[in-house]
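With these hints in hand, go ahead and build the complete structure from the sequences.
2 protein chains.
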Amino acid sequence: MTDTSPHAAREAAPQRFERTALFTLARDLLVHAGLEAHIAAVVADLLIQTDEIGVTTHGLSMIPYYLPELANGNMTTHGTHDVVADHKVTMVWDGNGLPGHWVMTQALATCMERAADLGMAAMAIRRSHHIGCLSTLTRIAALKGFVCYIATSDPSGEWVAPFGGTEPLLTPNPWAVGYPATDHPVLIDTCASITTVSKVREHINTGRPFANDWMLDAQGRATTDPNVVNTTPKGTILPAGGMDHGHKGYAMGLMVEMLTQALAAHGRVEKPTRWGANVFLQIMDPQAFGGLEAFTSQVDHLNAACRANTPVDAARPVRVPGDRAAMARRQSARLGVVVPDEVLTRVQACADAAGLTMPTPLPSPG
Amino acid sequence: MTDTSPHAAREAAPQRFERTALFTLARDLLVHAGLEAHIAAVVADLLIQTDEIGVTTHGLSMIPYYLPELANGNMTTHGTHDVVADHKVTMVWDGNGLPGHWVMTQALATCMERAADLGMAAMAIRRSHHIGCLSTLTRIAALKGFVCYIATSDPSGEWVAPFGGTEPLLTPNPWAVGYPATDHPVLIDTCASITTVSKVREHINTGRPFANDWMLDAQGRATTDPNVVNTTPKGTILPAGGMDHGHKGYAMGLMVEMLTQALAAHGRVEKPTRWGANVFLQIMDPQAFGGLEAFTSQVDHLNAACRANTPVDAARPVRVPGDRAAMARRQSARLGVVVPDEVLTRVQACADAAGLTMPTPLPSPG
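Chains as they are written, first to last, in the numbering used here: chain A, 5 to 370; chain B, 5 to 370.
Any given hint might turn out to be false.
Said to hold, decoys possible - The list that follows gives simulated cross-link-like pairs (lysine-lysine, DSSO-like), each with its CA atoms no further than 27 Å apart:
(1) B:203 <-> B:148
(2) B:275 <-> B:203
(3) A:203 <-> A:275
(4) A:203 <-> A:238
(5) B:275 <-> A:92
(6) A:92 <-> B:148
(7) B:148 <-> B:92
(8) B:92 <-> A:148
Keep in mind the hints are simulated off the structure, nothing from the lab. Remember, it's a predicted structure, so these values are computed and weren't measured experimentally.
Take a look at the structure:
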């Protein structure tokens with residue numbers, strides 16, 4: 005999408021950086037804040053992988069949120085998870101407040117090994133810290149030929165009302181599934197509410213209402229106003245389906261809380277107050293069902309039919325989830341990794357405070 | 005909800021019947037159409053269980069649709085499923101066109117046995133016939149303390165366009181999850197599109213538009229008109245989220261087709277033309293995660309918080325999925341099983357054709 009208007013010409017294109025420079029900065033910031041070096045390297049790598057697929061809200065952008073968590077001890081700096089239960093095919097881990105990227109790297113490796121051996125494996129994880137971009141994680145398993153489902157909730161968070169209600173109770177409850185296709189993995193990454201907490205904050209910060217009624221005020225009236233989450237009593241984010249068919253998003257949200265909290269034997273009952281993540285992870289090996297070749301053939305066939313579907317708007321062809329990530333990744337490899345100015349400003353402040361030098365942007369290709 | 009208006013007083017209350025009478029009628033109709041007796045008994049029982057929980061669209065109502073399928077050989081009358089693959093935790097079955105209630109009864113029993121032993125089990129099933137009401141099936145496992153997930157698609161059906169597209173490609177792709185709670189199981193039963201094929205047919209038959217834009221015409225305009233599925237070219241049912249955030253329903257639909265078709269190594273690639281059902285079934289044992297007691301405690305806690313949530317409309321308290329089914333079931337046990345007049349009319353025609361007698365309705369309690 006090239007905008008050739010004079011206005012656009014005056015606007016600076018987003019700056020791009022060498023992957024290695026961003027990775028080094030992220031890792032060094034985390035280490036400076038006390039995170040053990042080998043954990044910091046894993047977290048930094050996954051954050052930059054997230055920027056590489058174009059999900060810039062969940063990449064380097066997270067560093068300024070993680071650093072105070074490391075400083076105040078809410079994010080654990082050393083050690084490893086505990087195994088609460090291990091029944092081979094099913095497991096429960098306690099993340100001990102460790103960075104979610106680190107916990108999930110271990111969890112994915114364990115579940116992939118079990119699934120390769122047994123056909124399928126699942127794990128419920130309590131007390132991880134934030135696990136970042138779900139499709140960065142599902143992609144790891146999908147690239148190895150697995151179906152990977154991840155759901156996460158934060159039992160300390162209350163943002164979404166049950167459908168028909170008005171009081172915040174559930175988190176947006178994201179879930180994602182990644183699975184192999186011939187060209188690149190399908191990466192579904194969505195949530196049970198119409199929009200997310202970070203989008204609400206973004207719209208509050210920029211003073212923009214939502215395009216449609218994505219929020220509910222405390223009196224139960226649908227609204228475009230993100231500020232209803234700051235009133236007393238608080239408003240809420242509407243479940244997917246909104247006022248019309250929000251029972252569908254509500255159902256999805258209940259399922260995510262059940263998988264992530266009830267199976268983990270830890271959740272809202274314990275009334276946690278710290279930012280954290282409960283997780284449900286499941287890996288399936290198509291070889292243990294009808295075979296990877298047949299699996300990929302069905303997926304490729306349906307993906308092709310989706311992309312060939314006559315679009316509502318001729319300028320916007322139908323996409324399969326994962327298409328945009330694959331394109332962003334190719335561009336990142338060729339041109340460098342985009343970091344939005346707003347992220348740069350916040351990360352610059354962290355770098356200054358830590359006495360670290362910001363990397364130099366790559367020269368603009370044009 | 006008692007409507008005491010004079011108009012309502014003149015309207016006949018729906019007729020109720022003894023469970024045994026309805027079961028006998030359903031079974032005898034199926035047997036008369038050629039279905040093996042022990043299979044007919046299982047199908048009939050599950051159909052009446054479905055009426056008992058108030059899902060009258062998927063109970064006895066299905067008999068007039070199944071009988072011609074038995075007569076023309078699309079629904080298999082004898083025999084059993086084939087095991088395509090068995091890796092203990094994961095399985096693939098071929099339903100051989102047998103009634104889905106029968107196939108699913110066997111599949112549930114097998115997966116529950118495996119899950120009790122191994123913690124979790126999953127099965128992809130190709131070429132079943134229609135499996136009926138998903139929550140009637142998930143309820144069987146939830147009552148035994150399991151988490152039960154079922155998704156189904158029909159690779160011969162095309163009703164929903166991928167988000168941003170205009171041509172029918174996917175089925176509504178229902179999915180359900182049932183899991184234990186202390187009072188009664190939570191029964192989530194939903195689908196990836198806003199509405200279903202049977203609701204579209206109902207609205208076409210009664211000449212009523214939908215309350216909101218749940219359909220998309222062939223030119224890509226949202227509409228309340230169900231008749232767009234009969235135009236040339238055809239319109240479609242919108243995915244959950246509609247024009248605003250239908251990418252969420254589209255994602256759900258792709259996931260259901262992947263689970264039910266790609267894992268089963270049978271789907272749209274084979275271009276089936278007969279009414280059928282592909283299924284994905286997964287059973288998890290909470291005992292193999294954090295324990296059933298802890299599981300139930302978390303579920304009960306969240307359910308109570310949902311029901312206590314201040315409602316938008318004071319007359320409509322927040323429900324947990326499964327609450328309405330539990331209430332309908334209690335009423336069915338006390339007062340008899342409701343059969344809507346429209347269903348009675350169609351079933352009467354089947355009974356007449358088979359030379360069977362319709363049961364006598366129970367005397368009205370009022």
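So, going through the hints one by one against the coordinates:
1. B:203 <-> B:148: violated (32 Å)
2. B:275 <-> B:203: It holds: about 25 Å lies between the C-alpha atoms, which stays within 27 Å.
3. A:203 <-> A:275: Judged against 27 Å, a Cα distance of about 25 Å means the pair holds.
4. A:203 <-> A:238: holds (17 Å)
5. B:275 <-> A:92: Judged against 27 Å, a Cα distance of about 38 Å means the pair is violated.
6. A:92 <-> B:148: Given that 27 Å is the threshold and the Cα spacing comes to 22 Å, the pair holds.
7. B:148 <-> B:92: holds (20 Å)
8. B:92 <-> A:148: Distance ~22 Å between residue 92 (chain B) and residue 148 (chain A) Cα, so the pair holds.
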